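*Asks:* Let the sequences and hints guide you as you build the complete structure.
2 protein chains.
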Amino acid sequence: MRRKSLNTATCPVARSLDVIGDWWTLLIVREAFKGASRFSEFQQGLGLAKNILSSRLRKMLADGILELRPAAAGGSHLEYHLTHKGIQLRLILIALRQWGEDNLFVSGEPMTTFVDSQTGQSLKRLRPIRQDGTEVGFRDLVTKLVVAGEGVD
Amino acid sequence: MRRKSLNTATCPVARSLDVIGDWWTLLIVREAFKGASRFSEFQQGLGLAKNILSSRLRKMLADGILELRPAAAGGSHLEYHLTHKGIQLRLILIALRQWGEDNLFVSGEPMTTFVDSQTGQSLKRLRPIRQDGTEVGFRDLVTKLVVAGEGVD
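Going down the list, the protein sequences come from chains A and B.
The opening position of the first sequence corresponds to residue 1 in this note's numbering, with each subsequent residue numbered one higher.
The opening position of the second sequence corresponds to residue 1 in this note's numbering, with each subsequent residue numbered one higher.
In short, the hints are calculated from the structure, not lab data.
Check the hints yourself; a few may be wrong.
[Stated by the list, open to error] Among the chain B residues that face chain A by a calculated CB cut under 7 Å, a handful are:
{"no.": "1", "residue": "V13"}
{"no.": "2", "residue": "N103"}
{"no.": "3", "residue": "P128"}
These figures come from a predicted structure and were not determined experimentally.
Every residue gets a Cβ at the ideal spot worked out from N, C-alpha and C, and that includes glycine.
*Replies:* Dropping the structure here:
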């Protein structure tokens, strides 16, 4: 991946891919949502080599996706927690999950799905919706150059 | 990435990551939506080495994300086109794009955004919505084991 060209790109997809780096980042986010906060918990959940996990966690701290906080239970060690920016990545996990649910399982296979912990309700499929609330087709989207921080429309 | 454990995983996120493989796949999908269909068009759009592009395109054909069709203009060559499964990947591009728009640009930077080609309207932020239409918080989602092809709830 050509880091330099991607992190200065005007395309937010390219920048996102540059920050997320490789899939381990998203799987680490997934583990954090499951409750992992210690190095050993991420390692057990992912079965990832220590040196690779260590470099991914360092990058995620530098990118502001994770932050270190003192252990909730007291003691001297620090725990990894998702920042607001990291929490927002869950939408990408939902999108990946729903595409997988729809396209990569045959009927009858065991599969995990997201449900609301409060009500047990499942999620609707994410759909691209215009500002007026109507759905737009995937083929009807085009890119437009704008200035960040200014609204389009 | 541990292929075997991911493509038989019950977690659709893991399977999706296994199929998408690396970020080039999504950037190839992005180029296809921009109108690329020939090898040379993908290569120009991405600046990717021929051998890497060639292996990614082969994998995407095998995975049913792209398909080969005779050139629209006639002639003997074949073009790469997105399948229905490939078109559905655009939602993941939208999710990546919106996260990037929100988190990776400082005010005033030039940035591309998606707009509806018909009306010029921008898209609403994708949000996780329960079946009853209400929004659920990212922290309130838990995974549940289900059987593919059967509804939850």
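*Asks:* For each hint, tell me whether it holds in the structure or not.
*Replies:* These are the hints, each one checked on the structure:
1. With its C-beta approaching chain A no nearer than about 5 Å, V13 (chain B) sits inside the 7 Å limit, and its interface hint holds.
2. Checking N103 (chain B) against chain A: minimum C-beta separation of about 5 Å stays under 7 Å; hint holds.
3. Nearest Cβ of chain A to the Cβ of P128 (chain B): about 6 Å, under the 7 Å cut. The hint holds.
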